[in-house]
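Sequences listed follow chains U and Z, in order.
full-length UniProt numbering puts the first sequence at residues 1 to 426.
full-length UniProt numbering puts the second sequence at residues 1 to 426.
Don't take each hint at face value.
Any copy, or any two copies together, can satisfy a pair, since identical chains are not distinguished.
[Unchecked claim] The calculated DMTMM-like cross-link candidates involving lysine to aspartate or glutamate, where the alpha carbons are at most 20 Å apart (straight line), are:
hint : residue 1 : residue 2
1    : K154      : D94
2    : K69       : E188
3    : K154      : D93
4    : K235      : E214
5    : K345      : D287
6    : K88       : D99
7    : K366      : D215
8    : K88       : D336
9    : K127      : D117
For the record, the hints were derived by calculation from the structure and aren't laboratory data.
2 protein chains.
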Amino acid sequence: MSAIVPHVVIVGGGFGGLWATRALDAAAVRITLIDRCNHHLFQPLLYQVATAGLSSPDIAAPLRHILRKQRNVEIRLAEVADIDAAGKGIVLDDGTRLDFDYLLLASGATHAYFGHDQWAAHAPGLKTLDDALHLRRHLLLAFERAEAEADPAKRAAWLSFAIVGGGPTGVELAGTLAEIARHTLVNEFRNINPSDARVRLIEAGPRVLSSFPEDLSAKACRQLRKLGVEVSTGKAVTDINECGYQLGDEFIAARTVVWAAGVAASPLARSLGVPLDRAGRVLVNPDLSAPGYPNIFIAGDLASVQQDGKPVPGVAPAAKQMGRHVANAIHARLQDRPAPAFAYKDYGNLATIGRMAAIVHFGRLKLSGVLAWWFWLAAHVFFLIGFRNRLIVLLNWTWAYWSYQRGARIILGSDEAGQVRQDRQP
Amino acid sequence: MSAIVPHVVIVGGGFGGLWATRALDAAAVRITLIDRCNHHLFQPLLYQVATAGLSSPDIAAPLRHILRKQRNVEIRLAEVADIDAAGKGIVLDDGTRLDFDYLLLASGATHAYFGHDQWAAHAPGLKTLDDALHLRRHLLLAFERAEAEADPAKRAAWLSFAIVGGGPTGVELAGTLAEIARHTLVNEFRNINPSDARVRLIEAGPRVLSSFPEDLSAKACRQLRKLGVEVSTGKAVTDINECGYQLGDEFIAARTVVWAAGVAASPLARSLGVPLDRAGRVLVNPDLSAPGYPNIFIAGDLASVQQDGKPVPGVAPAAKQMGRHVANAIHARLQDRPAPAFAYKDYGNLATIGRMAAIVHFGRLKLSGVLAWWFWLAAHVFFLIGFRNRLIVLLNWTWAYWSYQRGARIILGSDEAGQVRQDRQP
Chain U
1 MSAIVPHVVI VGGGFGGLWA TRALDAAAVR ITLIDRCNHH LFQPLLYQVA TAGLSSPDIA
61 APLRHILRKQ RNVEIRLAEV ADIDAAGKGI VLDDGTRLDF DYLLLASGAT HAYFGHDQWA
121 AHAPGLKTLD DALHLRRHLL LAFERAEAEA DPAKRAAWLS FAIVGGGPTG VELAGTLAEI
181 ARHTLVNEFR NINPSDARVR LIEAGPRVLS SFPEDLSAKA CRQLRKLGVE VSTGKAVTDI
241 NECGYQLGDE FIAARTVVWA AGVAASPLAR SLGVPLDRAG RVLVNPDLSA PGYPNIFIAG
301 DLASVQQDGK PVPGVAPAAK QMGRHVANAI HARLQDRPAP AFAYKDYGNL ATIGRMAAIV
361 HFGRLKLSGV LAWWFWLAAH VFFLIGFRNR LIVLLNWTWA YWSYQRGARI ILGSDEAGQV
421 RQDRQP
Chain Z
1 MSAIVPHVVI VGGGFGGLWA TRALDAAAVR ITLIDRCNHH LFQPLLYQVA TAGLSSPDIA
61 APLRHILRKQ RNVEIRLAEV ADIDAAGKGI VLDDGTRLDF DYLLLASGAT HAYFGHDQWA
121 AHAPGLKTLD DALHLRRHLL LAFERAEAEA DPAKRAAWLS FAIVGGGPTG VELAGTLAEI
181 ARHTLVNEFR NINPSDARVR LIEAGPRVLS SFPEDLSAKA CRQLRKLGVE VSTGKAVTDI
241 NECGYQLGDE FIAARTVVWA AGVAASPLAR SLGVPLDRAG RVLVNPDLSA PGYPNIFIAG
301 DLASVQQDGK PVPGVAPAAK QMGRHVANAI HARLQDRPAP AFAYKDYGNL ATIGRMAAIV
361 HFGRLKLSGV LAWWFWLAAH VFFLIGFRNR LIVLLNWTWA YWSYQRGARI ILGSDEAGQV
421 RQDRQP
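Whenever a hint applies, use it, and build me the whole structure from the sequences.
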C-alpha cells in the first residue's frame, strides 16, 4: 500500500477531459488538468459567435470556476510540448516535467487542409473562440468593403461567400450567413443591397449532412435553398486564393471562403509514437488505452474508435461518454480490476440549418423544420454549462428571433487598435 | 439657390459625433459619418469589459444599426489620413478624398504617457474595446502565472497590481480588481490565495476623484480602502518597466501596471494647423468652430472649451451637448443665421468605486455608498443605447451581485490560437 496518491494528468478541458475530471471527483487520486485556454468551450454553438449572434463568454465558462469545488484537481494553463510515454511523464511549454501514473489525452481536433496548407490564409476555419472572432470580423468587414467599393465586379466579389464543407458546421454557417444578408442588414447600407450577397455551400460528397439518413439530408438541402443558400454537391474545391476559388472548371470570385471541410487530430497524438489513422487519431484499444501503454488513455476527437463496423462520430456526446469511460477505467485499474471495453451509446443526431430550420434523427423519430428547430434549441440550451449562460443565451435568442437582429455585431480588431487596412483581406 | 444638398462630414461615432448626426436627422443635408470602428461604444462601462463583468457587445452597438432609419446618413468604416482645411476636403486611409461643406471633428482622445512612450508596453491603457480585451487578458493571466510560479518573490510580483491615475477610470478599475481578488476567485486556485493580491491606486495629485468636492473625494478614498485597495496620493510614478514601477524612492515589483493617468486629444487635431492646448485639443471659438475655419467644428474630447473660468470636463454628457450644439450651428449657417455660443449645462457628476460603493454630486445633493451606487447603476443602464443591451447588462449585474461572479472571465488570445507564452508578460 502506497502513501502517495496516484497522479492523473488530463490534457484538454473539452468534453472528453472535463467529463473525465468530474467523474474522478470521489477517486483517491490527484488530478492535474492542463489546457491552453482558461475555459471550457461549448463548441456546438461556436458558429453563433462567428456569426455575431452570441458573445464569447456566453458559450464558455472558466475551467477553474467549473471545478472550484473539486479539491483533487489542480489546473494548469499551459501547452504540452512533449510526451515521454515510456517514462510516464509530460513536458510543458515552460519546461516543467510532470510525472503521471495515468494520462488522458483529450486535446481534440484542429482543421486540416488536406495537404493544402497555403489555403489556410484565405479560408479560415472554426475550432476556437479566437477563430470565431476572426471569422466574425472577416464576415462583417466583407459587407463594409462592398459598401465602399465603386467597381461592380470587385463589389460582387466582396459579396460572394463560400463555405467549403457540408457537415454540421458548414450548414450552420451558410444558413446563418444567408439570414444575416437577407434580414439582419436590411436598410443599413446605402450603396449595396446586402441581400445581393451570394452564399454558396460546397460539399465534395454527394449530399450535405451525410451522417443523417438520405431523406433528412434532402430536406436539409431544401431548407437551405429556401433560406437563400446555393448548395453545390459532388464537386470539390481544387484551389483557393485571395481572389476566389476553383470549383471544377469554374473559378468563382469570392473574397470570403470559410473552411469547414477537414478535421485532423491535435498533433500531440504523434508524439506518442503509436499507430494513428489517416486523420492522425490514435487507434485505441477497446478500453480506450493507447496500444502498448495501458496507463495512457485517449478520449474525444483524438481517439479513433470503431463500433459495429462504423467509426464513433466526433460529436460532444461521444466525447463525454469516452471521458466518463476513462474515469471508470482508471477506477478499475486502481482496484486491480481490468478496465471494461468502451461502448458508444448513440442517442441520436441533430443539426440546425437556420432560422426555424433543423433536422433531428432519434432512433425511429425523424423531424425537420420548425419542430426540429425547437428541439435543437431546447437541447442546446439544456447542455450549456452554467445557469447564467443558459439565461443569457435564451435571452439573446429570443431577441434575435423577434428582431432579426444579432447582438454581437461588433468588429473587434486583430490588427492594432481596430484599424482598418485596405491593402489586405479583412 | 443650389440644387446640390450640402455635404456634412462627421469624423467619429462617439457621443459627440453620433449625437450631432442624430440631431441633423431632419436637416436638408447629406451626412457622411466616418469611424474606424463599426460600433458606437458606451465608454463609461468600458472598465467592466476589462474586468470581465461584461462582454464587448453588451456596451457597443453597430453604428449602421443605430442609424439605419436616418436616410440622410452614409457610414464609412475608415480612418482619416489627412485634412485639407483650406480646401474643404478630407483624405481617407484608402486614398479617397471627400469634399465637405461642413466638417465635424469628434475623434476623441487617446492615452498619453507624458513623454514616456516606452511605458506603453508595460502599462496598457483603456480607451477602446480592443484595449479592454487586452487588459482583461493581462489581469486574468497574472493570477494564472502566480499559480504556476514556485518562487515566492516572483509569485508576489504577479500578484502585485498598480493602477496609475486616480480619476474615475483608475478608481473603477482598482475597486473592481480588489473585488475580483477577494471574492470572485475564492477557492479557484490551489497554490495561491488570490486575496493576497495587492491592488494599489496611485494618484500624483493630493486626492482621488479630484473633480468632486473634497468631502466626497475623502469618502471615495475610505470606500476604496474598505474594498481592499491601497491608495497612494501626492507621489508620482517616475519609471515603469516590465518588473515594476518606481514611486518616489521605492521600486515596487509588479507585473501588472495599468495606465489611467493621461489623456491626449486624437492626433487628427494637429493636421488642422490651428492653435491647440497642452493636451493637443483645439482651442475652439465660442460656437465650437475651429479658429479661422467657420465651417469646421470640434466636439467632445477633441475640443478645449472654457466656461466660467473652468474647462468643460471630458465626460459623455458634455460631448453629447457639444454634438447637438454643432448640429444647431450647422442648421443656423444653412439659414444664414449666426451660430449661437455653446453653453455647457452641468447636470452633476457621479463615479462608481466598486460593489455597492459610489459617489454622486448633483447640485446640492451629495451621496455616497450604497444609495449612490444604485443611482449610478440606474443612470448607466438608462443611458445605454439599445433595449437589448440594457436588458443584458441588468441581467449580468444582477447575476454578479448575487453570485460575486463575473460572466466574461474568458481569456481570448491576442497571440496565435490563445497560446500561452511564458517568456513575456501576459
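Up to 20 Å CA-CA - D287 versus K345, copy category | within (15 Å within a copy, 74 Å between copies)
Could you figure out if K154 and D94 sit no more than 20 Å apart (CA to CA) within one copy, between two copies, both or neither?
-> between (47 Å within a copy, 15 Å between copies)
With 20 Å as the alpha-carbon cut-off, assign the pair K235 and E214 to within, between, both or neither.
-> within (18 Å within a copy, 74 Å between copies)
Identical-chain pair category, K88 with D99, by Cα at 20 Å | within (6 Å within a copy, 70 Å between copies)
Is the C-alpha distance from K366 to D215 at most 20 Å within one copy, between copies, in both cases, or in neither?
-> This pair counts as within: shortest intra-copy Cα distance 9 Å, inter-copy 70 Å.
Homomeric proximity label, K88 with D336: Cα distance no greater than 20 Å | So K88 and D336 pass the 20 Å test inside one copy only (19 Å; across, 85 Å).
Intra- versus inter-subunit Cα pairing at 20 Å for K69 with E188 = Between copies only: 8 Å across chains, 48 Å inside a chain, cut-off 20 Å.
Within, between, both or neither: K154, D93 at alpha-carbon 20 Å | So K154 and D93 pass the 20 Å test across copies only (19 Å; inside, 45 Å).
Tell me, please, which holds for K127 and D117 at an alpha-carbon limit of 20 Å: within, between, both or neither?
-> within (16 Å within a copy, 37 Å between copies)
Checked against the numbered hints above, the structure violates none of them.
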